[in-house]
Each structure stands twice: as C-alpha cells, then as structure tokens.
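Asker: If you read the protein sequences in the order shown, they are chains Z and B. The UniProt record's numbering numbers the first residue of the first sequence as 1 and each following residue consecutively. The UniProt record's numbering numbers the first residue of the second sequence as 1 and each following residue consecutively.
Honestly, the hints are just simulated from the structure, not real lab data. Keep in mind it's a predicted model, so treat the numbers as computed, not measured. Please note that the accuracy of each hint is not assured.
The list treats identical chains as one, so a pair stands whether inside a single copy or across any two.
[As the list claims (entries may be wrong)] List of simulated lysine to aspartate or glutamate pairs, DMTMM-like, C-alpha gap at most 20 Å:
#1 K48 / E139
#2 K29 / D62
#3 K60 / D89
#4 K91 / D205
#5 K187 / E209
#6 K91 / D62
#7 K60 / E125
#8 K187 / E46
#9 K91 / E30
#10 K91 / E77
#11 K92 / D78
#12 K187 / E4
#13 K27 / E46
#14 K92 / E77
#15 K60 / E154
#16 K92 / D62
#17 K5 / E25
#18 K91 / E4
#19 K29 / D78
#20 K27 / E77
#21 K123 / D62
#22 K92 / E46
Number of protein chains: 2
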Amino acid sequence: MASEKPILYGYFRSSCSWRVRIGEEKKEKEFLVAVISGLFPQFSAEFKAVNPMQQVPALKIDGITLSQSLAIIHYLEDTHPNPRLLPQDPKKRAQVRMIADHIVSGIQPLQNLSVLKQMGEKKMEWAQTCIASGFQALEQILQHTAGHYCVGDEVSMADLCLVPQVFNAERFKVDMGPYPTITRINKALLELEAFQVSHPSRQPDTPAELRA
Amino acid sequence: MASEKPILYGYFRSSCSWRVRIGEEKKEKEFLVAVISGLFPQFSAEFKAVNPMQQVPALKIDGITLSQSLAIIHYLEDTHPNPRLLPQDPKKRAQVRMIADHIVSGIQPLQNLSVLKQMGEKKMEWAQTCIASGFQALEQILQHTAGHYCVGDEVSMADLCLVPQVFNAERFKVDMGPYPTITRINKALLELEAFQVSHPSRQPDTPAELRA
Chain Z
1 MASEKPILYG
11 YFRSSCSWRV
21 RIGEEKKEKE
31 FLVAVISGLF
41 PQFSAEFKAV
51 NPMQQVPALK
61 IDGITLSQSL
71 AIIHYLEDTH
81 PNPRLLPQDP
91 KKRAQVRMIA
101 DHIVSGIQPL
111 QNLSVLKQMG
121 EKKMEWAQTC
131 IASGFQALEQ
141 ILQHTAGHYC
151 VGDEVSMADL
161 CLVPQVFNAE
171 RFKVDMGPYP
181 TITRINKALL
191 ELEAFQVSHP
201 SRQPDTPAEL
211 RA
Chain B
1 MASEKPILYG
11 YFRSSCSWRV
21 RIGEEKKEKE
31 FLVAVISGLF
41 PQFSAEFKAV
51 NPMQQVPALK
61 IDGITLSQSL
71 AIIHYLEDTH
81 PNPRLLPQDP
91 KKRAQVRMIA
101 DHIVSGIQPL
111 QNLSVLKQMG
121 EKKMEWAQTC
131 IASGFQALEQ
141 ILQHTAGHYC
151 VGDEVSMADL
161 CLVPQVFNAE
171 RFKVDMGPYP
181 TITRINKALL
191 ELEAFQVSHP
201 SRQPDTPAEL
211 RA
C-alpha cells in the first residue's frame, strides 16, 4: 500500500498547531495542511469526526488520527528518530519533558479561548497573570537547564513549546522584562529556519494584514 | 555514592499526585512521602525552592528535582522499563499519549483550583462542563482504542491519568451515565492493587473522615 501524505489539521495562530509545524520541519516531514478555524462555532461536523475534541492540531498519519500536540510530536520522534528532539540522557530527557509539560499543561490551557470567554472583562488580566506566573517558574527552571536552548545546546521538544508560548505572551502584552533567559532562548530559536517557516505569519490561512 | 530514596512531594487529593503514586506502585519503586497542602497560601518557601511552580507532585530523584506528573512518569519508564507503561507499537504508544495528554492538558487544568477560584458561584457548573466536554470526546476515542483498559489489555500511562480524573468527576458530581466505556475501564482499574494502595483515601495525609 502506498503511504499517503499525512494531513495536519491546524490554524495559523494556534500555538499548539505551531508546535507540531516546527516538529514537521525538524523531522523533514511534509504534511498536507487542512485549515480549521480556531473559533469553535465554525467547526464542522466533518472535523468533529476527525477529532472528537474538536481541537487543533490533529494529524491523520499512517492510518490513524492523532490529537494533542505532544503526543503527535512524540509519535514523530518514535517513527523518525533523527534529528532527535529528546536528549539521550534520561535526566536531560526528563527536564525537556518537564519544561514542555509545564507549558502545555500548566500555562497554555489556562489562557485558552474557552477559559478566556468565561473571564469576560477580566480576560486580558487573567491571561497575563497565568502566563506571568508560569514564566516566573520557567525562568528559574531554565537557569538550571539551559544552554543555547531550553536544555543544553540541542533543539528539543521543550523549544517547540517555548516559542509559540512566548508568541502568545506577546499577543497578550505580557512584560517580558523579568524573563531574560526565556527571551534570549526565544530569540536564538527564531533564527532557525524550522521556527521561521512554521511561524503563524507565514501560513496558508494567515490573513494578509498579519503576513510577514 | 549510595543512592538516596526518592522523595515525592504530594497531597492526598491531588489527582496529578495520584497519577505518580500509581506509577510508583507499578514500577515497584518506593518513595518517601513529603506531604504538601494543596492550598496555595499554605505553600512554604522551602517547597518553592524545591519546585518553583509550587505545584504538586514534585519528585526528588537521582540528584534532580522533577515536576509535571507525565514527565515524572516518563522518567520512571525510561529508567525502569518493566513493567512497561507504554506499548511497544508506536501507533498504540501514540494513542496512549494522546489519551494521557487529553486528560492532563485538556481536562484537568480547566478544573484546577486556580481556575475554579476565578469562577466564583459558577465554580461547580464550570467544572462539570469542562469534565463533561472532555469525557464526551474521550468516550469516543476509547471506543476505538480500549480493550480491558484504555488502550488494549495492558495498563498504560493513559490508565494512570484516567482513574484520578474520574475521581475528580465524582467529586464534582458529574453524571457518568453518558460514559459507559470510561466507567467500565475505571472500575476494572480500581480492582488492581496499584490503584488501590495509591488511592486518595489511603494516604498518610488523608483526614480520618475520608479514610477508606
């Protein structure tokens, strides 16, 4: 059976979709892109059949459909080990996963659309508080683990999560002054091609006024 | 250097701590237990030095301190592969991680204490809505992946996340009627010793009135 090209269901501004796009670039995989609006009411019945959670990203690959960005990135890592996104040393690998989970479970869900809608007028303040509180802890963690990037000098899953989260922080006008390590690593990563071509400003569904 | 016994910082009712306790039992590791109250204002400066995020669980092990339950469980898997908590087949492994992340990133953070405090009078309704919406999707996913347990017939990381989340659902009085697959798997898992001895009703800090 000829293998079909995987389909990535995503949305240009979704930070979780961006994580997967960076993984796609790093692994030199090529996905077809199916654009799904990030606004829940516009989700189609068709997409609900693809991903019952109706969230992006979702990846149709090798006959299965996966959701959850880190599960998708782990699958790419398991099936295409090079270049690796997890260090060989188990302790460093644990630190990579700790930082990734800290962002993916500890920060991003709290500033997600569904929560912000409930916050009404306090929306902006809530998002800023959640991100700042997460970044304070992350800054301390990175002071122990970072080299050029989040853990040592190799790009890892942690970096795939960091850059989209800093992008969100900037959208919510979080003061990045107290986070010099996060800021330095983010800048270094944005110089790499994989982070540039996957950037929200360069996707097929990016509106003209937001294009880089 | 003699290896010291790992220390698990946890709290009896924390669902994230429970995930790690089940992992500890499955891997036949023995952790010292450091009890940390689940209420933020009571967190000590000492614990902030252990885990800058001031969240449980945290594990001091092999000279490093890890936070984030799934990162901790992955570290146990990497360093003590048997009995395994991830299937050998990459597709099944991806399904395990998808289900685990769905709970850990997609459900639990939305009904976490910090969010509920913001919801005021709507607290209970909000928690129920988040869990129900997550369980609707999970029920559909499990219909494709489940055997005796979440993915096939082996206990996996997904199961370590499922049981504590159902426990939370019961605390928030979520109607479990629409989720027969979740209910069946949860019941089967609660018959296993690793899930029983790690149960919130049997921890050193469980109040007398909640003890099993």
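Asker: Now tell me if each hint is right for this structure.
Answerer: Quick rundown of the hints versus the structure:
Taking CA atoms no more than 20 Å apart as the test, K48 paired with E139 passes between copies only; the shortest distance there is 14 Å, against 37 Å inside one copy. Proximity of K29 to D62 under the C-alpha cut-off of 20 Å is restricted to the intra-copy arrangement: shortest distance 13 Å within a copy versus 36 Å between copies. In this assembly of identical chains, the alpha carbons of K60 and D89 lie at most 20 Å apart only when taken from different copies (17 Å versus 31 Å within one copy). Taking the closest pair of Cα atoms, K91 and D205 never come within 20 Å of each other, the shortest separation being 39 Å inside a single copy and 30 Å across copies.
Taking identical chains as interchangeable, the C-alpha atoms of K187 and E209 are never at most 20 Å apart, the minima being 23 Å within one chain and 53 Å between chains. Taking the shortest Cα distances, K91 and D62 sit within 20 Å of each other only across copies (9 Å), while inside one copy they are farther apart (31 Å). Taking the closest pair of Cα atoms, K60 and E125 never come within 20 Å of each other, the shortest separation being 37 Å inside a single copy and 34 Å across copies. In the homo-oligomer, the alpha carbons of K187 and E46 never lie at most 20 Å apart, since the shortest distance is 38 Å inside one protomer and 33 Å across protomers.
For a Cα distance limit of 20 Å, the shortest separation of K91 from E30 across copies, 19 Å, qualifies, whereas the shortest one inside one copy, 31 Å, does not. Proximity of K91 to E77 under the C-alpha cut-off of 20 Å is found in both arrangements, the shortest distances being 18 Å within a copy and 12 Å between copies. Proximity of K92 and D78 under a CA criterion of 20 Å is satisfied in both settings, with 17 Å inside one chain copy and 11 Å between copies. In this homomeric assembly, K187 and E4 never come within 20 Å of each other (Cα to Cα): the closest approach is 36 Å inside a single copy and 39 Å across copies.
In this assembly of identical chains, K27 and E46 lie within 20 Å of each other by CA distance neither inside one copy nor across copies; the values are 29 Å within and 42 Å between. Proximity of K92 to E77 under the C-alpha cut-off of 20 Å is found in both arrangements, the shortest distances being 16 Å within a copy and 14 Å between copies. Taking the shortest Cα distances, K60 and E154 never come within 20 Å of each other, neither inside one copy (28 Å) nor across copies (25 Å). Taking identical chains as interchangeable, the C-alpha atoms of K92 and D62 lie at most 20 Å apart only when they sit on different chains, with a minimum of 12 Å there against 30 Å within one chain.
In this homomeric assembly, K5 and E25 come within 20 Å of each other (Cα to Cα) only inside a single copy, at 15 Å, whereas the closest approach across copies is 41 Å. In this assembly of identical chains, K91 and E4 lie within 20 Å of each other by CA distance solely across copies; the values are 16 Å between and 37 Å within a copy. Proximity of K29 and D78 under a CA criterion of 20 Å is satisfied intra-copy only: 13 Å inside one chain copy versus 26 Å between copies. In this assembly of identical chains, the alpha carbons of K27 and E77 lie at most 20 Å apart only when taken from the same copy (8 Å versus 24 Å across copies).
For a Cα distance limit of 20 Å, the shortest separation of K123 from D62 qualifies neither inside one copy, at 40 Å, nor across copies, at 41 Å. Neither within a single protomer nor between protomers do K92 and E46 lie at most 20 Å apart by alpha-carbon distance, with minima of 41 Å and 24 Å respectively.
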